[in-house]
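Novice: Below, each chain spelled out in residue letters.
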Amino acid sequence: GESVGLHLPTLSVQEGDNSIINCAYSNSASDYFIWYKQESGKGPQFIIDIRSNMDKRQGQRVTVLLNKTVKHLSLQIAATQPGDSAVYFCAENLAGGSYIPTFGRGTSLIVHP
Amino acid sequence: ETGVTQSPTHLIKTRGQQVTLRCSSQSGHNTVSWYQQALGQGPQFIFQYYREEENGRGNFPPRFSGLQFPNYSSELNVNALELDDSALYLCASSASNQETQYFGPGTRLLVL
Chain A
40 GESVGLHLPT
50 LSVQEGDNSI
60 INCAYSNSAS
70 DYFIWYKQES
80 GKGPQFIIDI
90 RSNMDKRQGQ
100 RVTVLLNKTV
110 KHLSLQIAAT
120 QPGDSAVYFC
130 AENLAGGSYI
140 PTFGRGTSLI
150 VHP
Chain B
4 ETGVTQSPTH
14 LIKTRGQQVT
24 LRCSSQSGHN
34 TVSWYQQALG
44 QGPQFIFQYY
54 REEENGRGNF
64 PPRFSGLQFP
74 NYSSELNVNA
84 LELDDSALYL
94 CASSASNQET
104 QYFGPGTRLL
114 VL
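Chains as they are written, first to last, in our numbering: chain A, 40 to 152; chain B, 4 to 115.
Quick caveat, the hints were computed from the structure, so don't treat them as lab data.
You may find that some hints are simply not true.
As the list claims (entries may be wrong) - The calculated label-pair distances, taken between Cβ atoms and stated as ranges, are:
no., chain 1, residue 1, chain 2, residue 2, range
1, A, 57, B, 82, 45 to 55 angstroms
2, B, 80, A, 107, 14 to 24 angstroms
3, B, 60, A, 78, 42 to 52 angstroms
4, B, 55, A, 54, 46 to 56 angstroms
5, B, 87, A, 94, 35 to 45 angstroms
6, B, 43, A, 120, 19 to 29 angstroms
7, B, 60, A, 66, 11 to 21 angstroms
8, A, 94, B, 82, 26 to 36 angstroms
9, B, 115, A, 54, 21 to 31 angstroms
Said to hold, decoys possible - Listing some non-contacts, in silico: residues in chain A with all C-beta distances to chain B over 12 angstroms:
no., residue
10, 77
11, 94
12, 95
13, 105
14, 110
15, 111
16, 117
17, 130
18, 139
19, 147
20, 150
No residue lacks a Cβ here, since even glycine has one placed at the ideal position from N, Cα and C.
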């Protein structure tokens, strides 16, 4: 079946660097995408979302890019901080669905001070 | 505004037992979804409740059941526990016709 997946299971960066976390999706019927951050021992925390009619959306220190041609999603974190260390999940919602996101496996981001 | 809360935080059961997990949705949210998250994996959708009715179900057996109450809080019940049921169980709430879900801290279940 179609699924959401991630290219890199672990990403290590130095504090202050920019981080890019990638996600590939295969369901062309998806029209809404979300990035979640999950710290150890906690539930996923909403970071940013984007709809399929957009290519880019910016938040505070985060930017999500959507490339529908190659079904690729990325999360960019500017000036990465130790507090950004967590597992990051992308999730997709099907158009006209019942708002039930499908999650990928996740990428672990490790920020070294 | 109160966020999503879950109880208990941790639970240990033995194989064959039954368990009930509880969730209080965020204020103003009438939709609750439950997820199972195995170690190192993403959350897997179990089912969703909207206005006390099941509104979608993932690929989980009937021994996983749920309820939603008039105040929109919810329970997840699992019967005949198996070792593979050991996981973090997450509850998420959302408002009507809103796609963004907000998660609670989860209940970590260990089945021995």
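Novice: Confirm or reject each hint.
Specialist: Taking the hints in turn, this is what the structure says about them:
Residue 57 of chain A and residue 82 of chain B have their C-beta atoms about 48 angstroms apart, which keeps the hinted 45 to 55 angstroms range intact. Taking the beta carbon of each, residue 80 of chain B and residue 107 of chain A are about 40 angstroms apart, not inside 14 to 24 angstroms as hinted. Between residue 60 of chain B and residue 78 of chain A the beta carbon distance is about 29 angstroms. The supplied range of 42 to 52 angstroms is therefore violated. As the Cβ distance of residue 55 of chain B to residue 54 of chain A is approximately 48 angstroms, the hint placing it in 46 to 56 angstroms holds.
The supplied range of 35 to 45 angstroms is met by residue 87 of chain B and residue 94 of chain A, whose beta-carbon atoms lie about 41 angstroms from each other. Between residue 43 of chain B and residue 120 of chain A the beta carbon distance is about 24 angstroms. The supplied range of 19 to 29 angstroms therefore holds. For the hinted restraint 11 to 21 angstroms between residue 60 of chain B and residue 66 of chain A, the CB-CB distance of approximately 19 angstroms keeps it satisfied. Look at residue 94 of chain A against residue 82 of chain B: about 47 angstroms separates their beta carbons, and that is not inside 26 to 36 angstroms.
Checked against the hint of 21 to 31 angstroms, the pair residue 115 of chain B and residue 54 of chain A fails, with Cβ atoms roughly 41 angstroms apart. A beta-carbon of chain B comes within 12 angstroms of the beta-carbon of residue 77 of chain A; the shortest separation is about 8 angstroms. With a least CB separation of 19 angstroms from chain B, residue 94 of chain A remains clear of the 12 angstroms interface cut-off, as annotated. Listed as outside the interface, residue 95 of chain A is consistent with that label: its C-beta sits roughly 19 angstroms from the nearest C-beta of chain B, beyond the 12 angstroms cut-off.
With 12 angstroms as the threshold on Cβ separation, the claim that residue 105 of chain A sits away from chain B holds: the shortest Cβ distance comes to roughly 15 angstroms. Distance check for residue 110 of chain A against chain B: the nearest CB is about 17 angstroms away, which clears 12 angstroms, and the non-interface claim stands. For residue 111 of chain A, the condition that its CB be more than 12 angstroms from all CB atoms of chain B holds, with the nearest at approximately 18 angstroms. For residue 117 of chain A, the requirement that its beta carbon stay farther than 12 angstroms from each beta carbon of chain B is met, with the minimum near 23 angstroms.
At roughly 8 angstroms from the closest C-beta of chain B, the C-beta of residue 130 of chain A falls inside 12 angstroms, breaking its exclusion from the interface. A beta-carbon of chain B comes within 12 angstroms of the beta-carbon of residue 139 of chain A; the shortest separation is about 5 angstroms. Distance check for residue 147 of chain A against chain B: the nearest CB is about 9 angstroms away, which does not clear 12 angstroms, and the non-interface claim fails. Here residue 150 of chain A stays apart from chain B, with its beta-carbon at least about 20 angstroms from theirs, past the 12 angstroms limit.
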